[in-house]
Amino acid sequence: MNDDAPPGVCRRTVLAAGGAGLAALNGKAEAQSAGPNATSAETPGAATPGGTEAVVLRVNGQERSLALDPRVTLLDALREHLHLTGSKKGCDHGQCGACTVLVNGRRINACLTLAVMHDGDEVVTIEGLGQPDALHPMQAAFVKHDGFQCGYCTPGQICSSVAVLEEIKAGIPSHVTADLNAVSFSEDEVRERMSGNLCRCAAYPNIVEAIREVQERGA
Amino acid sequence: MKSFTYQRVSTPAEAAAAVAANPGAKFLAGGTNLLDLMKLQIEVPTHLVDVNRLGLDRIEPTAEGGLRIGALVRNTDLAADARVKRDYAVLSRALLAGASGQLRNKATTAGNLLQRTRCPYFYDPAQACNKRNPGSGCAALGGFSRNLAVLGTSEHCIATHPSDMAVAMRALDAVVETVHADGATRQIPIAEFHRLPGDTPEVETALRHGEFVTAVTLPPPVGGVHLYRKVRDRASYAFATISVAAVLVPEGGKVAQARLAFGGLAHQPWRVTEAEDRLRGQGADAANAVADAVLQGARPTEQNAFKLPLTRRVLAGTLAQAMQG
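Quick mapping for you: the protein sequence lines, in order, are chains A and B. Residue numbers for the first sequence, in the numbering used here: -19 to 199. Residue numbers for the second sequence, in the numbering used here: 276 to 600.
Just so you know, these hints were derived from the structure itself, not from any lab. Glycine residues also receive a C-beta, built at the ideal position from the N, C-alpha and C atoms. It is possible that part of the hints are untrue.
As the list claims (entries may be wrong) - DSS-like, lysine-lysine: derived pairs with alpha carbons at most 30 angstroms apart: (1) K529/B <-> K360/B; (2) K69/A <-> K529/B; (3) K69/A <-> K314/B; (4) K301/B <-> K314/B; (5) K149/A <-> K360/B; (6) K301/B <-> K69/A; (7) K124/A <-> K69/A; (8) K149/A <-> K124/A.
Said to hold, decoys possible - Simulated DEER-style distance windows between Cβ atoms: (9) Q129/A <-> A531/B: 49 to 59 angstroms; (10) G110/A <-> R507/B: 33 to 43 angstroms; (11) Q596/B <-> H61/A: 48 to 58 angstroms; (12) G556/B <-> R192/A: 48 to 58 angstroms; (13) R38/A <-> Q571/B: 55 to 65 angstroms; (14) D99/A <-> P495/B: 36 to 46 angstroms.
Stated by the list, open to error - Covered, in the sense of this in silico footprint (three residues per stretch, anywhere, with C-beta under 8 angstroms from a C-beta of chain B), are these stretches of chain A: (15) 46 to 54; (16) 66 to 76; (17) 85 to 92; (18) 151 to 165.
With the rest of the complex left out, here is chain B (with noise of 0.2 angstroms):
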């Protein structure tokens, strides 16, 4: 690990403005996939920032009847949470579906949306690639592509977003809280803070330099049976093939109201408003024009192509396991 300096801070504005005032400076809050990277030299701040100890690990109702979500709360507390279990159901599954009990018991909201996207040669120095090293290239595109994106991909990237918990925030239509050195606050809708890769796979957030995420609003209940289907390679702790978090209102039979955000398929959870018009009033038995749409503008590799027909598979299940109630 490369040498750096530490500095504790005690409020938010303190924490943005110690970043801001240092390019090479970086939060550290749970650490779990920062202190990974930083271990391999991919990630080499010169100056961390703890923001552990800023009181940010409170849930607490908002004035319209949603949750606000400390950027500090540990995926562990949120996932157990009571009103997360009763009312967005699907973000607790989200979570308990990612990672290991050790690693929830530490990680954060904010840093589990600002984990690197990222791919196994990401993590491999001797391999070229775009996001660690701008401009080098990309050896997934030609490589071991098996559990890489298939939307909204580039020539220069096919990482995918690893996170289970932003799927379920994606569905949740969940509102990201910032504020910068000097104070002032911003809320970045989560649909727009994961980035596609474009031609600058290395900017992967809407965040600016020293902007720090503060809190995660959720929007009041939708009610609704609310489902999290992850495939992965193994049945436990492992990232996902596919995963899809569904809200999905039932109505005599049919589906009044659906929200469906997908991983493992893309640089960021995969959400389409078409393919959500296209289940509405409709049963079970519109998977496959729901996956059309989903799936528009699909391009997997020779060994991700299997991912079409899967999605469509994961969907079928969710979609008949949801109606049945």
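Just chain A, same shape as in the assembly (with noise of 0.2 angstroms):
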């Protein structure tokens, strides 16, 4: 997304500006009442509650500098602060794996981390792992197999399955791994291993035949 282009008047930009609106007001209001005695004098380090923290996130190869209330989750960051909407709010509590994004190559649940926590971190979202013109072959595999059907758990599907397969290259095992110390490639162990990202729409039979033939041209 280009964050110099002028916003289209959608949903999500009306949405948006009213949330803003809001958010505004209640800063106000948790400045004023917080007040002159709110300091840190017994937390030495920590900030004024209903202050901002500096965070710094590189964003799918970008660096971007934020200023965030420390309840704000990474996922809140990417969709609501760089409006990086790809990721999904699903269960928001780290059970459908909607929010799966990488972080320093590792996949984890976006809405179950502080943003404050990733300062300095690497994140990848589906937006940085391909876009309509140039498809990540995840991407390409998951829509030539049918892999979804709404598509909203899509984008945490995606990103998760990105990861399955460098777990498996570096030898992580799982709980159907036979041998621990002998990874391999199976049905099972894809099965195994997405059972953190749910698909009410069940594509489930294809998104496994997405994630093997991506598999089978990388090996």
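Using the hints, put the two chains back together into the complex; each one sits in its own frame.
Written out as structure tokens, the structure is:
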């Protein structure tokens, strides 16, 4: 997404504008209620409640500086502050995997981690894996094999799939690995390793086929 | 999520001091359980001390021939460590049986031990829970208790500790190392780390406020066959209904040494010395006598009474597998 482009009118920009107004009001209210005595004398190095923390994230190869309430999750920082809305909020509790992104090369649930914990970290989202005119091989394989129906879980599925193949290549065992020292690709391995990504449309067989194709091409 | 302040620290003692100085403060490591509970306002810390950059992410040999696992070693890295896979395979197996790939990449060794002992009623603020709101009662006792504890329960709580890792560590006699704000250290045997609910189910571990876990040590390896068998409602990514961590040293078709710890049965990983004694010098056919000792004093609810015969079958299957080599 080009940050400099004037936003068109769409549901998301209307909602975001409304939300920004509310956020400004809330921020003001919190700053006032914090008052002059709300210093951090008992907790050296701590910020004032309701204040913001400076965070620098390297997102899809670009350095992004943010000032965030420490409550902002990595997922909300990506979606609401950097407008990278590819990563999805499903359960918001680490159960569905729709928010899966790659941080320093490893897949995690962006909803269950705070953005401030990731100062200086390298984040890759679905937008960073590929773009419509230059799809990542895993994105192309999901399209080819119908690895989705509604598509809501798909960005998380694809980020997770890319990491799963890396984990197998790195010899990281799973629950279904018979010999902890001999990790190899199989359908059972894919199903076990993808268990943190739910698909309510149940496109699972096609997701497995997509991952298999990318594995075979890369092998 | 309630508002809180955030702080990074550079040494373990500084982390301990920062939390000790503030009754509303908590340590923040992987955050996979804490942030989950903060979103529901079940945990409401006013200050978080981020301990992720303390360099406690190494696994090192100890002078005694064991391993010292840094508190911040991620579950994935611990499970995949060559020494753990070789000498403590039950720990690798237990870790890999827990959570999802994404969560194991984030969750830490100390955080796994310190995740809340919990049940579905703990997660539902509309329900009575002595753990979440001491004195309010236990909705689980007369409620949906199918997956809850059968051993070591009290009239105040029947929650189970959900960790698979801790069950393996209990079988391996791990020791938890901590530091206080004043720099004093303590070594807590895993057997004494997680508490039974009694009349204070909200107190789950032996740690004091501000006491910071720096590492978990494993004694020298004992060899033998390492198995972790987990029975659950789904094939993956679900808490144990019952699990068993078994380290068995076979000798001439009999068990020379046995270590057995169980998950899904109690508020802490469950290990019974008498059960292991009954297995010594015996074969897989001793499973029932061993299970009798494990299940001594069990007080199941109507809904989870099935866990008793299931424990027997899980144990029998595990012993049979171990004796086959």
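Structure-based check of each hint:
no.: 1; hint: K529/B <-> K360/B; in the structure: holds (25 angstroms)
no.: 2; hint: K69/A <-> K529/B; in the structure: violated (53 angstroms)
no.: 3; hint: K69/A <-> K314/B; in the structure: holds (14 angstroms)
no.: 4; hint: K301/B <-> K314/B; in the structure: holds (15 angstroms)
no.: 5; hint: K149/A <-> K360/B; in the structure: holds (17 angstroms)
no.: 6; hint: K301/B <-> K69/A; in the structure: holds (26 angstroms)
no.: 7; hint: K124/A <-> K69/A; in the structure: holds (25 angstroms)
no.: 8; hint: K149/A <-> K124/A; in the structure: holds (24 angstroms)
no.: 9; hint: Q129/A <-> A531/B: 49 to 59 angstroms; in the structure: holds (56 angstroms)
no.: 10; hint: G110/A <-> R507/B: 33 to 43 angstroms; in the structure: holds (36 angstroms)
no.: 11; hint: Q596/B <-> H61/A: 48 to 58 angstroms; in the structure: holds (51 angstroms)
no.: 12; hint: G556/B <-> R192/A: 48 to 58 angstroms; in the structure: holds (49 angstroms)
no.: 13; hint: R38/A <-> Q571/B: 55 to 65 angstroms; in the structure: holds (57 angstroms)
no.: 14; hint: D99/A <-> P495/B: 36 to 46 angstroms; in the structure: holds (39 angstroms)
no.: 15; hint: 46 to 54; in the structure: holds (count 4)
no.: 16; hint: 66 to 76; in the structure: holds (count 3)
no.: 17; hint: 85 to 92; in the structure: holds (count 5)
no.: 18; hint: 151 to 165; in the structure: holds (count 8)
Going through the hint list in order, the structure does not satisfy hint 2, though it satisfies all others.
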